[in-house]
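S.K.: Listed here are the chains, written in short residue letters.
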Amino acid sequence: MNASLHSSDAIVIGGGVVGGAIAYGLAKRGLSVTLLDEGDVAFRAARANFGLVWVHSKGPGFPAYQEWSQRSADLWGDFAAELTADSGVSPHHERRGGFHFTLGDEEFEARAQLLRRMHNQQPPGRYAARMVERSELERMLPNIRFGPRVSGASFSESDGQASPLHLLHGLMGACQARGVRLYGEHRASAITREPGGAFIVTAGPRRFAAPKLVLAAGNGNPPLAKMVGLEAPVRPQRGQVAVTERTERFFHHTGSGVRQLPEGTVILGSSEEEAGFDTSARSDVVGQIVHRNIQVMPDLARLRLVRFWAGLRVMTPDSFPVYNQSETHPGAFIATCHSGVTLAAAHANALAPQIIAGALSPEMAPFTARRFHVSKAA
Amino acid sequence: MTSAPDLAIVGAGPAGLAAAIEGARLGLAVALYDEQPEPGGQIFRAAESVAAGKGAPLAAFGADYAEGPQLVARFRASPAAAGYMPRTTIWLLDRQRTLGHVQDGKARMLRPKRVLIATGAQERPVPLPGWTTPGVMTVGAAQGLMKSAGQVPEPPFALCGSGPLLYQFAAQLVAAGERRFTVLDTTPKGRWARALPFLPGALRDTDLLLKGLGLMQKVRMAGVPVLRHVRDVAVHGNGRVEHVTFRHGNHLGELPVQLLLLHQGVVPNVSLSLSVPLRHVWDAAQRCFRPALDAWGNSDVAGIAVAGDGGGIGGWQAATAQGELAALEAAHALGRIERAERDRQAAPIRARLKTALAARGLIDTLYAPPPLAALADATIVCRCEEVTAGQVRAAIAMGDTNPNAVKSRTRAGMGPCQGRMCGLTVSELVAHARGLPPDAAGTYRLRPPIKPLPVAVLADLDTSAVEEEEDAT
Chain A
1 MNASLHSSDA IVIGGGVVGG AIAYGLAKRG LSVTLLDEGD VAFRAARANF
51 GLVWVHSKGP GFPAYQEWSQ RSADLWGDFA AELTADSGVS PHHERRGGFH
101 FTLGDEEFEA RAQLLRRMHN QQPPGRYAAR MVERSELERM LPNIRFGPRV
151 SGASFSESDG QASPLHLLHG LMGACQARGV RLYGEHRASA ITREPGGAFI
201 VTAGPRRFAA PKLVLAAGNG NPPLAKMVGL EAPVRPQRGQ VAVTERTERF
251 FHHTGSGVRQ LPEGTVILGS SEEEAGFDTS ARSDVVGQIV HRNIQVMPDL
301 ARLRLVRFWA GLRVMTPDSF PVYNQSETHP GAFIATCHSG VTLAAAHANA
351 LAPQIIAGAL SPEMAPFTAR RFHVSKAA
Chain B
379 MTSAPDLAIV GAGPAGLAAA IEGARLGLAV ALYDEQPEPG GQIFRAAESV
429 AAGKGAPLAA FGADYAEGPQ LVARFRASPA AAGYMPRTTI WLLDRQRTLG
479 HVQDGKARML RPKRVLIATG AQERPVPLPG WTTPGVMTVG AAQGLMKSAG
529 QVPEPPFALC GSGPLLYQFA AQLVAAGERR FTVLDTTPKG RWARALPFLP
579 GALRDTDLLL KGLGLMQKVR MAGVPVLRHV RDVAVHGNGR VEHVTFRHGN
629 HLGELPVQLL LLHQGVVPNV SLSLSVPLRH VWDAAQRCFR PALDAWGNSD
679 VAGIAVAGDG GGIGGWQAAT AQGELAALEA AHALGRIERA ERDRQAAPIR
729 ARLKTALAAR GLIDTLYAPP PLAALADATI VCRCEEVTAG QVRAAIAMGD
779 TNPNAVKSRT RAGMGPCQGR MCGLTVSELV AHARGLPPDA AGTYRLRPPI
829 KPLPVAVLAD LDTSAVEEEE DAT
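The listed protein sequences derive, respectively, from chains A and B. Its first residue numbered 1, the first sequence is counted upward by one per residue in my numbering. Its first residue numbered 379, the second sequence is counted upward by one per residue in my numbering.
Be aware that a few hints might be false.
Selected chain B positions facing chain A (Cβ under 8 Å, derived; list incomplete) [to be verified]: (1) 478; (2) 487; (3) 491; (4) 711; (5) 713; (6) 716; (7) 787; (8) 833; (9) 839.
The set of hints was computed from the structure by calculation and includes no laboratory data. No experiment lies behind these values; they were computed from the predicted model shown. Idealized CB from N, CA, C, for every residue including glycine.
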């Protein structure tokens, strides 16, 4: 049996926020794109994403990631507008600045030190985050009563938030509007290469062909990467979030562990647990999350929790993203990260053009998976 | 109780009470958790208060209800009463049998050796135009108020829908001296003809059947207008119910009411069993999901069983039998009785169960709910997030192949009730659009807490009982 071949300019494997953003970026620049998704069985990280568009603590010891996150945050406003125009779905992007609250002097000092390091690894004038003492915090957020142990916060005007689910749905809608052919419930099982150079992907009952291939399947990437001479050193890391009932909007900024959605629900997060592919929520962990947030904002205690759940981050050994083009199979790219929301704008409007050009820019070199070989040898 | 019980029972209705009494008789350490201040469940709600002369007069609720106080009294006299925890909400149950409960603002987690879910039934949601208007409530809720507070609705009002409870409550109102209301019976024409083949089965329990017909008769004799085969019911009113419109024969009817009580039968309350999650199947006869159970009530998860209406609607007599069977199975599984002894003691209980279920086929056929496929696009499906049938259909058209995908796109099912009111509807809409049976379309994935839990309570969660056990293993 020779199933007919569906041909396009590019195949993206993975219909989450990473694959969706790249497919959208490719399609709106004129490529015909096929987006393959395994469907609802996927460990869809977007479903449990906290929804931060976050810069100010991203990339200590890794200036390229700091710069990449900043760039994406700067691109997000325009990206949100074009996504809304193409799909009719707003990703609810807001950029009003983000706080990381500290409890006690020790946390404040540690945070200040982190910010100094982050500041020093950037060119002068580029890094915008600063420490805010409690008295200033109270002036900035007059609606909020802080707990007695709150010593202050780090703050950056670069930070914001977006709705992961609306982003995902907006991306899927925008992809369709831009002619992307979306195949749900099509799990990619095999990748080969024709003598002429096109990649042949077998997914579900169909076969697809394209000269360009992007692996964006998150925790599903490792076996696919091997098929085209790439590496995907990722593992699942469990994160849990809790959601409250709606309440009047009191927090218009963004917090690293607490944020309020425009419609009023409050999201509390989030944990970092090594638990393999186990996505069951743990009440004790949620208890700790909640406990900390109440110490920051005691009035949260009066709200009712309606849901908590767990999802899996896509985590590399050093937690930073991997972007590579295959040396043995040129035209095959991998993109993997745990910041699919923050980086969505960069994936659509900075990474996609590089994939079209056939080469990643020099500033992407630090993101190669080869960096893990070096540390192993050392 | 500080150590984990042998048998933790969720729900103090007929199934839970019977299981607790039987479990204690077999020597099990039993804990019985219930949200209400008094045992009895929905059907025997406030049985003790009513028997003691508080609330509405006992006679108003009929002979059936009189058996409630007897069951409750047997429980109070049983050693199981020591493990009774009223006003307690269960907010978590997972596959490891971790049970989270909250009582008086204090949350704890523990891990019982066996868990029996006896959470009973809930009324089937009746999505129709205007059903979210203030002044619309369910017959069951109104009946609950009458049982616990002696409260009788203020006329003019109407009862609308189908199912045994509709006439039962109408008869209870008549017995309590209230006749100034209307019954809008939406049972379609021709249902009796379809239900006739089930009569031989139902005859085994003629008692129940005659009782049903007697109720209908009683209501009509009292001079209460009963309009049958009513269709296209819609609620109107500006911020409050003012009138209800409907089709009756070839006429367009309109009725001024300040209260409309809806009812379309009951379905298993599967919030807890879905959240574990236990495996569920679609019950085509009752048009609902129920957990897949063996003859002892065992689910597909080790140590977790279901008894009573929560495992499929069978009524309170079936529920007590199922509760006792589950207790026998628990005692056997925990090594208290031999297999042969379990089976010997189960035999008379199974005979009772068979009789109790004999009329089901008739009732299910007679009162089958109207197909949801005909739901108007403008009708609200999810009350918490105000999502309409049209929005759900649009999500399906955009490629959402299951209720969870619909939920993440539309927010239907994300509110505080966690889809209790819209889960069935969304599953049926997806199934209809895809031409699949509802179990192929699937159900919402439920997340803990099953009931909203104050943030403060979770922050002070006591996990010591579960941690000690984990340290020991």
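S.K.: Indicate, hint by hint, whether the structure satisfies it.
M.R.: Now for the hints, and whether the structure bears them out:
A distance limit of 8 Å between C-beta atoms decides the matter here; for residue 478(B) the minimum to chain A is near 6 Å, and the interface restraint holds. Because the smallest distance between the Cβ of residue 487(B) and any Cβ of chain A comes to about 6 Å, under 8 Å, the interface hint for this residue holds. Annotation: interface hint on residue 491(B) violated; nearest CB of chain A at approximately 20 Å, more than 8 Å. Given the 8 Å rule on beta carbons, the hint for residue 711(B) is violated: about 24 Å separates it from the nearest Cβ of chain A.
Because the smallest distance between the Cβ of residue 713(B) and any Cβ of chain A comes to about 29 Å, over 8 Å, the interface hint for this residue is violated. Here the hint on residue 716(B) is broken, as its CB sits about 36 Å from the closest CB of chain A, past 8 Å. Against a cut-off of 8 Å between C-beta atoms, the interface hint on residue 787(B) holds, since the closest Cβ of chain A lies about 5 Å away. The criterion of a C-beta within 8 Å of any C-beta in chain A is met by residue 833(B), whose closest approach is roughly 5 Å, and the hint holds.
This hint holds: residue 839(B) has a C-beta 4 Å from the nearest C-beta of chain A, less than the 8 Å allowed.
Hints 3, 4, 5 and 6 from the list above are not met by this structure, while the remaining hints are.
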